[in-house]
Amino acid sequence: MSSSTPNRIDTTFARLKSESKAAFIAYVSAGDPDMPKSIEVIRALERAGADIIELGVPFSDPMADGIVNQMAAHRALEAGATTIKVLELIREFRKESETPIVLFTYLNPIYTYGFKKFHKDAAAAGADGILLLDLPPDEAGKNAEMTETGDLLHIRLIAPTTPAERLPELAKSSEGFIYYVSRAGVTGAQTSLSDNIAENVAAIKAHTDLPVAVGFGISTPEQSAEVAKAAEGVVVGSAIVKQVEAYGASDDLGDKIEAFVKPLVDGAKSV
Amino acid sequence: MSAVTDSPTPTTLPDESGHFGTFGGRFVPETLMAALKELTSEYEKAKADPAFQEELSNMLADFCGRETPLYFAERWTEQLGGAKIFLKREDLLHTGAHKINNALGQILLAKRLGKTRIIAETGAGQHGVATATVAARFGMKCIVYMGSIDMERQHLNVVRMRLMGAEVRGVEAGQKTLKEAVNEALRDWVTNVEDTHYILGSALGPHPYPMMVRDFHRVIGTEARRQILAKEDKLPDLLVACVGGGSNAIGLFHPFLGDDSVKMMGVEAGGHGIVKGDHAARFQGGKLGVLQGTKTWLLADDDGQIELTHSVSAGLDYAAVGPEHAFLQSEGRVEYTYATDDEALAAFKTLSEIEGIIPALETSHALAYVNKVASTMSKDQIIVVSLSGRGDKDVAQAARYLLPDEKPLEV
Ligand SMILES: Cc1ncc(COP(=O)(O)O)c(C=O)c1O
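Quick note, the sequences are listed as chains L and S, same order. For the first sequence, our numbering assigns the number 466 to the last residue and increments by one with no breaks. For the second sequence, our numbering assigns the number 415 to the last residue and increments by one with no breaks.
Keep in mind that the hints were calculated from the coordinates and are not lab data. The structure presented is a predicted model; accordingly, all values stated were derived computationally and were not measured. Yeah, the Cβ is synthetic: ideal placement off N, Cα and C, and Gly gets one too. There may be inaccurate statements among the hints.
To be verified - With a Cα cut of at most 20 Å, we get these calculated DMTMM-like pairs of lysine to aspartate or glutamate:
| hint | chain 1 | residue 1 | chain 2 | residue 2 |
| --- | --- | --- | --- | --- |
| 1 | L | K337 | S | E20 |
| 2 | S | K291 | L | E340 |
| 3 | S | K280 | L | E273 |
Said to hold, decoys possible - The calculated label-pair distances, taken between Cβ atoms and stated as ranges, are:
| hint | chain 1 | residue 1 | chain 2 | residue 2 | range |
| --- | --- | --- | --- | --- | --- |
| 4 | L | P458 | S | E59 | 42 to 48 Å |
| 5 | L | S387 | S | D305 | 39 to 45 Å |
| 6 | S | E176 | L | T415 | 25 to 31 Å |
| 7 | L | G275 | S | Q385 | 49 to 55 Å |
| 8 | L | A319 | S | A52 | 36 to 42 Å |
| 9 | L | K424 | S | K51 | 44 to 50 Å |
| 10 | S | D306 | L | K424 | 55 to 61 Å |
| 11 | S | K49 | L | S387 | 34 to 40 Å |
What the hints assert, rightly or not - Interface residues of chain L toward chain S, partial, derived using beta-carbon atoms under 7 Å:
| hint | residue |
| --- | --- |
| 12 | M258 |
| 13 | T278 |
| 14 | P331 |
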């Protein structure tokens, strides 16, 4: 981080901490089902009460995504989504909202755009953070061209398979918050949560003051509430994306999304 | 040139984190990092363990049929009228291609790691067959991911895998070929990493795969070097191999890298010609990027989306090249060219008719380059070409082009 103005992600978590509430983080794929409808979806997430919006930048080969998010990226690309258009979408949304935006994507589109230039342009458009699924901190030292992140906070993943001895390094290299992947696997809604989330979050908290958000596989208000007890943030992705898939063609897409997300937010805020 | 019998300087790359210069590395989601590190350290231990090496070399000999002959292609040499052409006969290995060198090495490693479930991706089906074979031999559960287009064009290999008890899972995403099969295998591995070993089939993907796969195939070049010195009392002038991910090529090339006089040529798939979407020649119009765990040359559009590829051979139909090849190209140590579908088919026909050897369509790309270059070389020069696989799997497809009057084959 190079700027002295506080980042929207940091101020959001600080505010929620003072209110003793968990953050609700909603994921959708940018450009799904198309660019004009995508901004309606994002507005609906905000209306439903999402504290942070996580936007997938579509990539042709999303190796860490399950079928729901794969199809969303595919729909977006088919409808003409590009990295530049995603930045335009963010710029548009920033005219009307201060809700933090975290980008969630793979390295190749960013690398092709120009790593440093992308970070600069995305921050200028109004994005606040980025999670690059296939860029572990280990590679930064070997790839000087992948180190200049400007004002965009780099959020790191920690997985159930992350060994204890790796936690300090990951915690140290993360900014904004830490994203704990609640189970080994790709993105996608599951019927049951893994049991030891609280324990694993506590193990991470031993190494950092950063908030920890938990995601992968959360799809119901009950699960949302359960996770909110253990962590400072609840991430719901595929379950919302499925709604976009189902109602993408309908005129009241925004209302449908808002109605679906509201109870999930309420779940997270109920504890 | 006098006989060179001492060993060439071994190259020391990759570094400990899998980088070949700026290429390679480990660009994977966090969930896989621990597994890749464990695999790397277990592989290093196995490599230094004489018992592991002995089991590997015994199995390579008795189960797979090593060493493979280095065969002088006398009639083809005469026809082209230039350099002497030698074929390194990996096609004679059990299962019909070089792929089993790596599959065997990796399953022995999986055993050491205590894994009970094996997954693999396959394009042409040769790596899938090799993996199904060693999984059957060692009594492990085996799942092979294969693009549905490839399942159609290499149906014979699908049947072979199933006969050996493997489950073949068709992949319907994207262009339904090798790249999508790798994505699916990676997704499976991310999900089942505790009990599963992923036998990746080329010198591709995150570290340690490019290094490990290369090491298991180095036997090709080590034998070829010894054999050519025994037969001709000198080193070859040129090595030629086809390059999909680049495993057979790096296996042949690597033991010769220290021999400065030996030129090397990797041959990529030129498809219908070098037009976007119509080929898989990453060194012709590709870009530097990151795909499936490694930084290398790949075919992508200006937005970083991976482009469609085409090749008549499923095994070369892939958007990225192995990182060590990207490095060797950047150093100018190895050159890369391409052969089109038509040139490969013509070479397929030639070798079948004048040497009595039906080559794989992948291999035929290397042969197509030999067709072009041998006559420009002198009669005292030597070419060694990697005959990476046999063409049984390709007869139905080749017959469609070469024997149009033949009744279409079922598989
Ligand atoms: C016979 C044969 N040769 C070559 C290849 C290409 O792979 P690589 O470049 O890893 O040798 C394949 C792949 O399926 C193959 O079956």
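Checked hints:
Distance check on the hinted pair: K337/L and E20/S sit about 11 Å apart at the alpha-carbon level, within 20 Å; holds. Simply put, K291/S and E340/L have alpha-carbon atoms about 15 Å apart, close enough for the 20 Å limit, and the pair holds. For the hint linking K280/S to E273/L, the alpha-carbon distance of about 18 Å falls within 20 Å, and the restraint holds. Distance hint check: the CB atoms of P458/L and E59/S are about 58 Å apart, inconsistent with the given range 42 to 48 Å.
Here the CB-CB span from S387/L to D305/S is close to 40 Å, well matched to the stated 39 to 45 Å. The hinted range of 25 to 31 Å is satisfied by E176/S and T415/L, whose Cβ atoms lie roughly 29 Å apart. The hinted range of 49 to 55 Å is satisfied by G275/L and Q385/S, whose Cβ atoms lie roughly 54 Å apart. Separated by about 52 Å at the C-beta atoms, A319/L and A52/S break the suggested range of 36 to 42 Å.
The given range of 44 to 50 Å is respected by K424/L and K51/S, whose C-beta atoms sit roughly 48 Å from each other. Checked against the given bound of 55 to 61 Å, the beta carbons of D306/S and K424/L, roughly 46 Å apart, lie outside it. Take K49/S and S387/L: their Cβ atoms lie about 38 Å apart, and the range 34 to 40 Å holds. A cut of 7 Å between beta carbons decides the hint on M258/L: the least distance to chain S is about 5 Å, and the hint holds.
For T278/L, the interface hint holds, since its Cβ comes within 7 Å of a Cβ in chain S; the closest pair sits about 6 Å apart. Interface hint at P331/L: satisfied, since its Cβ lies 6 Å from the closest Cβ of chain S, which is below the 7 Å cut-off.
The structure is inconsistent with the numbered hints 4, 8, 10, although it conforms to all the rest.
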